[in-house]
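Chains as they are written, first to last, in our numbering: chain A, 1 to 349; chain B, 1001 to 1080.
Careful: at least some of the hints might be erroneous.
Dumping the calculated SDA-like pairs for lysine to any residue here, alpha-carbon to alpha-carbon at most 25 angstroms [said to hold, decoys possible]: (1) A:K322 <-> B:S1070; (2) A:K227 <-> B:I1009; (3) A:K103 <-> A:G54; (4) B:K1002 <-> B:N1027.
If you're looking for bench data, these hints aren't it; they were derived computationally from the structure.
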Amino acid sequence: MKTKITIAITGLNNTDNPGPGVPVIRGIRESEAFDARIIGLAYENLEPGIYIPGIIDKTYQIPYPSAGSDELMQRIFQIHELEHIDVLIPNFDAELFTFIIGKERLAEKGIRTFLPTLQQFEEREKTNLPEYGEKYKIKVPNSKAITSYHDINNLRQEFDYPLLVKGKFYDAYLAYNPEQVINHFNKISAKWGLPVIIQEFVKGTEVNVIALGDGNGNTIGAVPMRKQYITDKGKAWGGITVSDQKMLDITTKLISETKWRGGMELEMIKTSQGDYYLIEINPRIPAWVYLAIGAGQNMPEALVQMALGKEVKPFTKYDIGKMFIRYSWDMIGDISQFEQLSINGELEL
Amino acid sequence: MKLKSNVAISDSGFVFDANTGESYSLNPIGIEILNELKQSKITEDLFAYLNNKYEVAEFTLEQNLMDFLSQLKQYGIIDE
């Protein structure tokens, strides 16, 4: 018999820069263990996941973390009084800090999470990548956090062009000269704030691993994927599971040493010499999680089980050669739905 | 040289490298050569096999076979 449960989920922006919310929900909906009521938590009124039939039972608007951590938490508690949330799965990098530092407050109210510790979260930040690589003996590209134009003039001393200009949470652009770095610096800092990260460009194939750690050093699941179709934002629009043992070894070693708790995505570049460079760790389930589910590892379900304190046996296999292909699909909504969300801050389809 | 263990070929000539996720299409002769390479072979054996089976100028066969094998090596489909 399935367990009835209420799960609140963010990241409903299924746009060309998609959040993981909708595929996480699909995994939970397909679970044999749970009969879930899904509460969507939306920052914007037009996040597509809100309007997709069969995905969310009820959506509530929440304030951006930039409006203040306390405001966000108060809104979650307000929703909790109405919905009795059992598990909360945040899916945005930018909100994770708030939920990590607030997880005891959430737990006191009976809202369970399964998040990395603050130390795990902070040490893998892009600005700390060189130290991270050194600590865990993983090859990483040279990176530097910059905060002003002045730093751009000195980049030639440390980096060759082209180089990557990255936001602290999202976005990455290739720059071939200082003028392009200035353009990207302005664009990224306006959107994501400072610092902006400059990273050595490593030529090779981009390969990613989605993984789930139990917080005791065990890898509960791991699936490597090669991007087959990449959007101009660098997002995977198509990908395929591969049998890359070296990537899996790097992942399990990293989870074992860091005792990573929760979902994660390792972004790596495999060079033509067969070397792997870690370019980023996303501290949450990635948007392509549905591929892992399709390949036999329902990580959202496993994450919910662990949030509930249940013991989860590690997945031992996945299907190689499973592909995902994203597509866009125009839904027809009604202004009354938009009105409900805008005026009342909640919507039940 | 030998086909890598992570490479699968279907009857239709579709080749999938499970390690990299790359896929390729082969023509019938390509399928035949890769099927031969499921067992370890030296170039001379492959050459003799094709030379016996097909009516082809030796020079042309040698040139085309070497080109094809070097492509397979470049794509990481076969081991030396």
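Hint by hint, here is what the structure shows:
{"no.": "1", "hint": "A:K322 <-> B:S1070", "in the structure": "violated (29 angstroms)"}
{"no.": "2", "hint": "A:K227 <-> B:I1009", "in the structure": "holds (22 angstroms)"}
{"no.": "3", "hint": "A:K103 <-> A:G54", "in the structure": "violated (29 angstroms)"}
{"no.": "4", "hint": "B:K1002 <-> B:N1027", "in the structure": "holds (19 angstroms)"}
Comparing the model with each numbered hint stated earlier shows that hints 1 and 3 do not hold.
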